[in-house]
Structure formats: structure tokens, C-alpha cells
Amino acid sequence: MSPKLRLYILVFLIMGLGIGLILYKHFALGFPLSPDDKKSVWTIEAKIDFIARGDPVIVSFALPPQTPNVVFMEEDFASPGYGFSELTSPAGRRAQWSKRTASGPQTTYYRLSMYETDQFIQPPIAADLPAEPEKPEFDGVLKTAAITLLDQVRSKSANTEIFTRELIRTLNSNTPDQNQRLLLNDQSSEDYKTHLIINLLASEGISAHIVRGLYLNEGRKRLSLANFVEVYIGGRWLLFNQNTGESGKPKNFLVWQRGDQSLLDVIGGKNSKTSFSIIKSTQSTRNLAVRDSISKQAGLIDFSIYSLPIEQQNAFKMILLLPIGALIVVIMRLLIGIRTSGTFMPILIALALIQTTLLTGIIIFLTVVGTGLLIRSYLSRLNLLFVARISAVIIVVIAIMASISIISNKLGIDQAMTVTFFPMIILSWTIERMSVLWEEDGPREVFIQGGGSLLTAVIAYLFMTNRTIEYLTFNFPELMLVNLALILILGQYTGYRLSELYRFHALERRDVTGKR
Amino acid sequence: MLWKDAMLLASARKLRSFGIIGMNQRNFGLISRYNPRHLYPLVDDKLKTKLLAQKAGITVPKLLGTVEYQHDVKLLKEILHPHAQFVIKPVKGSGGKGILVINQHDHNHYFKPSGDAIQLVDIERHVSNILSGLHSLGGKPDNVMIESLIQLDPIFSDYSYEGIPDLRIIVLCGYPIMAMLRLTTHASDGKANLHQGAVGVGIDMGTGHALHAVQHGKPVLHHPDTRKTFSELVIPHWDKLLQLAAACYEMTGLGYLGADIVLDRDQGPMIIELNARPGLSIQVANAAGLAPRVAIIEALKAIDPDPQSRAAFSKQQFATNTGAHPPPLLYTRSDDPKP
Numbered sequence: 001m002s003p004k005l006r007l008y009i010l011v012f013l014i015m016g017l018g019i020g021l022i023l024y025k026h027f028a029l030g031f032p033l034s035p036d037d038k039k040s041v042w043t044i045e046a047k048i049d050f051i052a053r054g055d056p057v058i059v060s061f062a063l064p065p066q067t068p069n070v071v072f073m074e075e076d077f078a079s080p081g082y083g084f085s086e087l088t089s090p091a092g093r094r095a096q097w098s099k100r101t102a103s104g105p106q107t108t109y110y111r112l113s114m115y116e117t118d119q120f121i122q123p124p125i126a127a128d129l130p131a132e133p134e135k136p137e138f139d140g141v142l143k144t145a146a147i148t149l150l151d152q153v154r155s156k157s158a159n160t161e162i163f164t165r166e167l168i169r170t171l172n173s174n175t176p177d178q179n180q181r182l183l184l185n186d187q188s189s190e191d192y193k194t195h196l197i198i199n200l201l202a203s204e205g206i207s208a209h210i211v212r213g214l215y216l217n218e219g220r221k222r223l224s225l226a227n228f229v230e231v232y233i234g235g236r237w238l239l240f241n242q243n244t245g246e247s248g249k250p251k252n253f254l255v256w257q258r259g260d261q262s263l264l265d266v267i268g269g270k271n272s273k274t275s276f277s278i279i280k281s282t283q284s285t286r287n288l289a290v291r292d293s294i295s296k297q298a299g300l301i302d303f304s305i306y307s308l309p310i311e312q313q314n315a316f317k318m319i320l321l322l323p324i325g326a327l328i329v330v331i332m333r334l335l336i337g338i339r340t341s342g343t344f345m346p347i348l349i350a351l352a353l354i355q356t357t358l359l360t361g362i363i364i365f366l367t368v369v370g371t372g373l374l375i376r377s378y379l380s381r382l383n384l385l386f387v388a389r390i391s392a393v394i395i396v397v398i399a400i401m402a403s404i405s406i407i408s409n410k411l412g413i414d415q416a417m418t419v420t421f422f423p424m425i426i427l428s429w430t431i432e433r434m435s436v437l438w439e440e441d442g443p444r445e446v447f448i449q450g451g452g453s454l455l456t457a458v459i460a461y462l463f464m465t466n467r468t469i470e471y472l473t474f475n476f477p478e479l480m481l482v483n484l485a486l487i488l489i490l491g492q493y494t495g496y497r498l499s500e501l502y503r504f505h506a507l508e509r510r511d512v513t514g515k516r
Numbered sequence: 517m518l519w520k521d522a523m524l525l526a527s528a529r530k531l532r533s534f535g536i537i538g539m540n541q542r543n544f545g546l547i548s549r550y551n552p553r554h555l556y557p558l559v560d561d562k563l564k565t566k567l568l569a570q571k572a573g574i575t576v577p578k579l580l581g582t583v584e585y586q587h588d589v590k591l592l593k594e595i596l597h598p599h600a601q602f603v604i605k606p607v608k609g610s611g612g613k614g615i616l617v618i619n620q621h622d623h624n625h626y627f628k629p630s631g632d633a634i635q636l637v638d639i640e641r642h643v644s645n646i647l648s649g650l651h652s653l654g655g656k657p658d659n660v661m662i663e664s665l666i667q668l669d670p671i672f673s674d675y676s677y678e679g680i681p682d683l684r685i686i687v688l689c690g691y692p693i694m695a696m697l698r699l700t701t702h703a704s705d706g707k708a709n710l711h712q713g714a715v716g717v718g719i720d721m722g723t724g725h726a727l728h729a730v731q732h733g734k735p736v737l738h739h740p741d742t743r744k745t746f747s748e749l750v751i752p753h754w755d756k757l758l759q760l761a762a763a764c765y766e767m768t769g770l771g772y773l774g775a776d777i778v779l780d781r782d783q784g785p786m787i788i789e790l791n792a793r794p795g796l797s798i799q800v801a802n803a804a805g806l807a808p809r810v811a812i813i814e815a816l817k818a819i820d821p822d823p824q825s826r827a828a829f830s831k832q833q834f835a836t837n838t839g840a841h842p843p844p845l846l847y848t849r850s851d852d853p854k855p
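As given, the protein sequences belong to chains A and B, one line each in that order. With the numbering used here applied, the first sequence corresponds to residues 1 to 516, in that order. With the numbering used here applied, the second sequence corresponds to residues 517 to 855, in that order.
Keep in mind that the hints were calculated from the coordinates and are not lab data. There are no misleading hints in this set.
In the DSBU-like style, the derived pairs of lysine-lysine whose C-alpha atoms are separated by at most 30 Å in a straight line are:
| id | chain 1 | residue 1 | chain 2 | residue 2 |
| --- | --- | --- | --- | --- |
| 1 | A | Lys4 | B | Lys817 |
| 2 | B | Lys628 | B | Lys734 |
| 3 | A | Lys4 | B | Lys530 |
| 4 | A | Lys38 | A | Lys221 |
| 5 | A | Lys135 | A | Lys249 |
| 6 | A | Lys280 | A | Lys221 |
Facing chain A, a subset of chain B residues (Cβ under 7 Å, in silico):
| id | residue |
| --- | --- |
| 7 | Leu525 |
| 8 | Ala526 |
| 9 | Leu531 |
| 10 | Ile536 |
| 11 | Gly538 |
| 12 | Asn540 |
| 13 | Gln541 |
| 14 | Gly733 |
| 15 | Lys734 |
| 16 | Val800 |
| 17 | Ala803 |
Everything numeric in this text was worked out from a predicted model, so none of it was measured. Note that CB positions come from ideal geometry on N, CA and C, so glycine has one too.
All chains, full assembly: derive it from the sequences and hints.
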């Protein structure tokens, strides 16, 4: 295997691994690719009121089922004086509050914070076939009305889904005919209508059950659950809005309870009622995803920077930006051909610029290096040994930095105080190198290399302070692999640097005229 | 064509068609391919190079003394005193850095070729700087060597200003492939360094005639200080010089090297330095790319073990075929009349 092929395979593997991990985090764990991605978090409070009769009290309340496309962040069952347990049965989860004796008005609360994920999940294939529905018995007149209605709907529909939709639409039509009015009766409560639909479907041999759920709307109080009909079609349960006939789960709708079991049972109390209120809050999707992944103990997150203490996390925020700076240096040097003094000095300057902000940082840098060069030119006359001289320059740099801080403080320019973020040793080396360069190659070379370093640093700074890049590097450290692969590829680049196109441009012209 | 002239960038496609090699390609395709790392010290350490060259019977400037330790700096005066002229060099310096040339001295003043006078303490400081690694690669502690000064060959006296011109020959696998004469100018402070404004003159591999000349990357017709036209410039002992360069391959084992040769008035051609990372300006001076010549050498089935026949091969292979046409130097400027 040739080294080149080996390198490309390595690059391919690293790149694939990096991108794969990013995609996994984005799609499976829900990490957004943009820092501004926000999600609505709904806090739903169910308030249960009843009047206790002085006997032992048991309150049993249906809880919403956990489904893949909603994430429950927090559940809270606050009810002072009550014992609490959560029961899980095939019919669903139920909360149970109990108390030895209670009398008078009682209230228990159930609070849930949840958000919907963006994942599109097809309703799962029902585990087992529902039992053949029992044919309901309609009384005399109703029976005829039902048969007529069903015939009428059946003639207009091709399959179960259309049949169900047609049936619901006909029942809800604005101009009901006699049959519909008869069936719907006067007492057309929501529950009655639901059961009517289920019964009518059952007499066609279609399995259906009631679903109660909550529309998630901001700032609503005293809501009650809305009824839906879920119909078994082609191996899946499909949700129908019983007032419009629309199928599928609407957006911002939380399924609370499936099946015929009661929502609330109170033993030892009367006049029980449930009311729901909803509060919406907006949270960054990234925070939600981190929180969710940690609670789920997803391996990738459990063994990641997120498991570190916040302080270390902040340190890593900075460290993870370095590869971006390194990439910029590679591009600037290999593709553009900019000469810098010291290979990675620009990254360190860029890091300092992040702390000081751009303009202040550049001014400080130029001041320190400029003053340093002046003093260094005096030191060179003192006939010092090299190591002593560079050490002297370090002290001079510190003195310059201290004076900048003090003077700017007196003048009330706070920004200049950030001078301490510049790495002193690097500044000293820069001064020493520049001054030698000045003596040997003249001021032109000093400006070329100094300018090149500063330009590279500024570009690296612009990239490293970009919100999206900062966000991506910290939340997707896998990007480092992609970055590594890019640098490996760039290491293979043998074409011209941009600066060489300028360096050799005279050649091109000469050749053209020479040929003619 | 107007927009083309205004544009300062060449098209990459065109440069490639001329066979111009860029830095990346040089580092990747020539240096790392032909120069094993462990051989670098042979050329990075000028004392080692000197010993190697002497062993191979190649003339080198005479070594007048070395300084290894800081406390020996005191002895400098005694070393320097007997010699009227000398050159102080860092043993591991690169790119001509840290070279101090002294033309003459009275008991306390030392004169640089430019006429500037410096004192012994200045020289001592310079030596200390070298010892502490100021000019060496990677800043490692270094040694100082003091060499005899090369005497300007009268043939170049019209073409150099305050310094000694040197000839850079690129040698690939023992075959000289391109040559350039570097002429000192006032702008270059007497140093044969193109970056500082020395003139680079491309040399015809077949005859030793000057082909083109550039200063600061732009074509020139005359030496900027002496006003002498380059078209009359011919390098003497051309065959000898090519053979000398070719022999550096056996000497060092480096497949891609730049041999820096000077012509001494009294001792003839001598090697002053070998370079494992020769630069690319030579292409500008020759107005030709290295790539086609590299390709010719790489296509050879075997490397001839005899430097003389290698030099002969190169001479014949890379000669610029001027033929009946006037030398292209006449048409180097945009304001020159077009033929």
C-alpha cells in the first residue's frame, strides 16, 4: 500500500468518524447545529380538587405516557400530607395519592415539564392485534339511523382511513340530516360523541379507542382534556380529531391517556374535578439535549466534557478553539504563503485578542512590541549575553505591561487593563526575534513578518470568536477529527501558494513576450 | 492584455506549464524525498562540511580559528590579530545570517566592506550572540568559525559591489540542474542574499553565460551600482564548477542540495557552503522552472557514479539553446521593443 493511499484511508476514516459522531449527536441525541436553536418547554400543571368526607382518601390520576417524541424533564407530585406512589400498568401510568383521613376541600397537584423533540417517529406497529370489537346494540330507531349513516359513508370511502374521516365529518357537518341529529342526540357532550364514533366504527368491525390529550397553548388556564379517537388501521393506531376528521397527531398536542379508563378516581371524596394550566418557556435546545443525554446516560455524553466541572468546561471551551487557530495557520502558511514570526505565535496572540477584544488588543500589542523594540535596541548596545538579554527583555515587557495598566487606569481607560492576557514570554520572544530580524534583514522584513503574524492572528481571532464556531467546537468536540483530517489533507498540498503566484508573476509575463 | 498586466498574480496553470516548483512541492517532493534527515548535520554544520570537502579534495576557504566557549571570546583578539582580513561565521547559521566580514583593521578599528568601522567589543558581542544560538537553526547553542576572506576574482569586479558574488548550483541526485550567480549590491549591504536586494543572474548550464537577471523579483539589465550589462557576463572555469557541484552528492549523500561556490582570485573555485533546503528564487533568475529538469533526472535509470560524466550530461542536457536567436535577455522589460 503506498503511503499516499494509506494517508487517504486514514483521512477518510478520521473524517468519517468525526462526521458520523456529529450526525449521531445531532439526529439521535438532538444536539442542534446552531447556538440559537430554541425549544418551547411546556410546564403543565394538573390541579385536582375534591371535597373529602373525613374517610381515608385515595386519589388515582392517569399520567401521560412517555413516548419517543416527547421528553419529560421533570415530574412533580406536590401534595402536602399525602402519601404518593406511581403505579404502572399495561393501561398506562397512574399517580396515586393517599391519606388516612381528610375532610373539607382538598387539592393535589401534578406538575410536568416537557418538550417535544423534532424527531419524526412513525407510530410504532401495534404490538398485538386488538380484539375484534364487540358489535354494539343500538335501540330501534337509532339502529336504523346508524345503518343508514354507515351505508352512506361506506359508499363514499375506499379504505378504513377514509371511512373514519368521512364518518367523523358527516357527524360534524353543519347541516346535519335527521339521522345524524338522532344519533348525536341533544346531550351531545364530547364524551358522548367519542363513544358514538367508537361504537359506529365497531359495528363496521373497526377497532377504535378514546384518547384524551392536551393542546399545548401558551398561558392557558383551566383547560380540560380534548377527546380524540384512535383507530386501528393497517397494523398501526392512527389518531383522528373527532371534530374535524383530521388524522395524525397535531403539533403541540400531548397525549395524556389512552383507552377507557377514567382520568381521575377519588375514593373518599366528592365533587372532584381536574383542571389543567400550561406555561410555556423557551430554552436553548443545546441545554435540553445535554440534560436529556446526561439523564439517559448516553455513553458519548457521559464520557465527554459535559461531565467535567463547569470551571474545567470553560477552560476547554478555550482549548477546543485552538485547533481552529491551527487550521487557520496551516491555511495561511501553506495555501496563502504568509510569513509569520514563529509558527504558532499568531494563535497565542489570537487567544490574547479574545480576552482583550480586537482593537484594544492590537493597540496594546503594537505598543508593547514597539516600546520593547526601542528598549531592546538599547540593550543590544550594552553587550549582553543572549540568555541574559532575552531575560532582560521579559522583565522589560512586564514593566511595559504594568505601566500600560497603571497609566490606563489613571486615565480611566479600562480596556487597556486587559494587557495581562498577552503571554509575556511570547511577546519577549517576538521582540527579540523582530529586533534580530531588523538588524539582519532590515525593517522591511520586520514589517512583512510582523504584519503577517498579526494578520493571521486577526483572522484566527475572527474565526475563534464566531459564535457558531465557538458553539460547534465546544458542543461537537468531534469536529477536531474533521479538522485533523483537513490538516492531514492540506499537508499533502504541493500546489502553489498564493504568494508564489505573486512571486513568480514577472516570470509569466517574460515568458509570454519571449515566445513571440 | 491590459488587465493581465495590471494583475499582480500569475495564473497557477501557466506557472505549472512552465514547470515552476512552489515551496510546498519543494518541501514535499524534493527535500523530504531526497534528503534523509540524518544527513542534515553534514551541511548544517559548516565545520563538518569543510572537513568533508577537504577530505574529498575540494578547495574551501582556510579556517583561521574557532570559538567554542564564551570564555574563549577573550582570546578573539589574539586569533584575529595576525590576519588582515577575515570572515566570522556561525557554524550552524542559515541563509547567510550572522556572517561578519572584516576587510581591514588597525589596532582598534575593524572595517566592514561598506567602510563602517566597528570595535573589538562589537566583534566580541557578535561572537557571543552566535555562541548563544542567535543565528542558528532552532536557537541551539552554536560555535563560531573564523575563515580567511575570499579575494574577488577580477572577472567579477565589474559586477559586484562591496562583496563577493557566489554561484548557487542546484544538484539533484548528483546532476547539476540549474545555476544562478548572486551579485552583491549596495542595497544588499555587500551580502549575496537575494532577499536583501542582491541581483540573481540565471546562468546557461551549457556555457556559463548569463541569461537573465533579477533584483527584488524584477528583471534588470545592468548591475544597479556598476551599471555594467549582464549580457557580457561569462563565468570562467564553467566545466570545473559543474564538476565541483556534482561531486557534492558523493560528499554528503544529499539528493537535493544547493552548492554555493565562489571564485577566489588566487585559489580558484571553492565551496563555501552547502544547503539542504535551497530556495526557489533560482527559477526567477533563470526564468525557467525546475520541474522539467527534475523530471529528466528522475527518468534516468541509474545515477552515473562519475561526477565528471554527470556534469557533462547536465551541460549537454540543460544547455539553453540560444542558437541563431539573440539571447532572451534583450526582451526582458515590458518597455523593450518587441521583436
